[in-house]
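Student: Each chain, letter by letter, is given below.
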Amino acid sequence: MKDTVLLMNNICKSFGSTCVLRNVSFKVNRGDVLVILGRSGAGKTTLLRTINYLIEPNSGEIYFNDTKVINNRQIIRSVRSKIGFVFQNFNLISHLSAIDNVALPLVKVKNMNWRQARKQAEKALIDVELADKTLNYPSQLSGGQQQRVGIARALVMEPDLLLFDEPTSALDPSLVGEVMNVMRKLSLLGKTMIVVTHEIRFAENTANRIIFMENGEIIEDTDPVSFFNSNSVEIKGFLNSVSEAV
Amino acid sequence: MTNWNTSGSLNTNPRCNFKDWVNMKKLLSRSLIIIVLSGCIAIVYFSMSRVYPFNWDVTARYYRLFLMGLEMTGKLTAVSLGFALLTGVVIALLRTSKIQVFQDLGTIYVWFFRNMPLLVIILLIYYGLGSVFSIDRFWAGVFSLAFFEGAYIGEIFRAGIEAVPKGEIEAGEAMGLYSYQVTLSIVFPQAFRISIPPLIGQVCSLIKDSSLVSVIALGDLTMRARQVGTQTLASLEAYLILAGIYLAMTSILSYIGRKLERRLAIL
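Read top to bottom, the protein sequences are chains A and B.
If you use my numbering, the first sequence corresponds to residues 5 to 250, in order.
If you use my numbering, the second sequence corresponds to residues 37 to 303, in order.
Bear in mind the hints are in silico, worked out from the structure with no lab data behind them.
Keep in mind that this is a model prediction, so the values were computed, not measured.
Some hints could be false.
To be verified - Here are the computed distance ranges between Cβ atoms for each label pair:
id, chain 1, residue 1, chain 2, residue 2, range
1, A, G20, B, G203, 50 to 56 angstroms
2, A, K114, B, F119, 37 to 43 angstroms
3, B, G203, A, I79, 45 to 51 angstroms
4, A, V237, B, A199, 31 to 37 angstroms
5, B, M60, A, S245, 56 to 62 angstroms
Just so you know, even glycine gets a beta-carbon here, dropped at the ideal spot from N, CA and C.
Next comes chain B alone, as it looks inside the complex:
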């Protein structure tokens, strides 16, 4: 994003000089933070390694387990995201409906799933429902996550729908559009754009929350890291790697989200 003047000519526009100065400050502050932070981390790491023998080699040998975990977490996140988005659209439509019963149904759903710890939902669905119906671990995990995140995504979409200017809806009505046409061609495209930033945050939450499915022995990243830790007796190394992978995944996602947001921005 830096706006260096690459043309080589002397730029006399004062506003551009100001911009360069701002960019310069940004660059300076960031390099400073990186240097100081890596220094701190190095100090902590080396003072710790005096009492704790870091053994990276042995954890590295188990990289296959991490890959398996990554695959499971990815699959789990992707499938539950699909269902969560679907749930979210339905909940948002219920919550913004003009019919009282629908509104109440939506409210009850959101009330329940936002006030219930995800861990409890997973236990309820897998062990609770699982004792009545036979539920596959994977699908138990998917539906727990989808129901839970669906409540939050529903609220995000509802806020997006309510943020569409009333005048534009009225304009659609005045043109003679049916109300479903107003919803599809005026409300939804804008509500979606408005929802992108909080939605990306919610997807990051979904990735992080998916670590809880390890309680039902679904082999996601967290469970695999624990396995590596117990088998190699190098728990700290395994969990540091785990932390790094989660951080990398959510960072990449946030980056993509920012790009998407900019591309779809209503000018």
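Just chain A, same shape as in the assembly:
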């Protein structure tokens, strides 16, 4: 039996008069590795951000671990503490060292003391193969290393769901591999992940589900094999444009 981690029901969001999400509904089960594909401006990032309420949807319901997510301080805090978010631009706190960046949520949300939190943070950094960089500041790390710190920061809270917002888009091509390897490892460990990415190969190899979006709507929600063999005009067009780019 599969249990549901996340249920999005009829989510709509518009900024001013532009409608970014139209009646988006989908479900994520424990252990799913869901990749969201689509062109720029299709609403992928907005969708990801509504999940942990960084963006408040105009209508629709979000259920996370069977709790309805509403605009309430306590509920949002507890939901966010169980959802790890990895940003495109890493967004590490620049005046904190790598280890303190990872320890910060433990201290501030789980009320741990710094000593305990750093111990746990160190383990998380070892998991992303940054054991030797714990005391470095973000500006002393490469993009790939910064992103791995970002992943460690998300992991340290032992989240039920990990969200990746184009985690490799801001990286040098040569640094994409190290981040992708960490993500692949996480998927093998059975973590539940939603990944917005342009890395088609990750979708092909690692995902067990693909959602394809266009103009704020989900066009296709299927497994990778049938996605890449789809006859749909939109998907074919998208895949062609991506393969041309590569």
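On the provided structure of chain A, position chain B as indicated by the hints.
Tutor: Only chain B this time, still in chain A's reference frame:
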């Protein structure tokens, strides 16, 4: 800061040679300026002393007055700096608040105190308010300075707060931090670091502006120098000493500021 190669070995790294060359140029230019400048000052001084009999001895005898003035200026600056920083934090919080009324209050405060001459503020508070409530000279001076500089410091802090990358604030929110936690552990530490250089400049201004309190007969450096000048009839000497003391104080402060900035720099 000079990077002389003290090891004695021949340094063949071209970048280090370049650095040495840059340092050499710095040293040369500075010694040149010092020599020329002291020459100019000496010429001016000696040509002036033909018509004006400089009398340093008599001013030196009044050094106690200068010390008293220095103490008052120091105390005044320190206490008003404390209040000004407090005012600055409050103003910056008001100005960056999401609540419109708070924003407007902050804006009005800054508008008023930045558009009012400090001298007028001092007169208003001491003679104006002083005719209604009894206000001690010292506290009138402190609050005038604190209100005035608080407006500028508030703007410095506001700029610092707004310079913190939005993504880091968002990261804090995504972790589940409450907004006050985001402010305290992400925004403030960085805003403070960003604010240090302009803040040091503002503290220098505070020291200089404090000379205006001499109008309410608060015995600060400027007033004491004037006293020495009138009592000894050696005004130029007294004011030259005064200028030297202010310059020394602000220079020391700038030096400390640069050190602090370097120590707290986000690498």
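Student: The structure should be examined with respect to each hint, and the outcome stated for every one.
Tutor: Hints and how they fare:
Distance hint check for G20 of chain A and G203 of chain B: the Cβ-Cβ separation is about 23 angstroms, which falls outside the suggested range of 50 to 56 angstroms. In this structure the hint that K114 of chain A and F119 of chain B lie 37 to 43 angstroms apart at CB holds, the actual value being about 38 angstroms. Range check, G203 of chain B to I79 of chain A: Cβ separation about 24 angstroms, and the 45 to 51 angstroms hint is violated. A beta carbon spacing of about 47 angstroms between V237 of chain A and A199 of chain B contradicts the range 31 to 37 angstroms that was offered as a hint.
At about 58 angstroms, the beta-carbon gap between M60 of chain B and S245 of chain A stays in the expected band of 56 to 62 angstroms.
The structure does not agree with the numbered hints 1, 3 and 4 stated previously, though it agrees with the rest.
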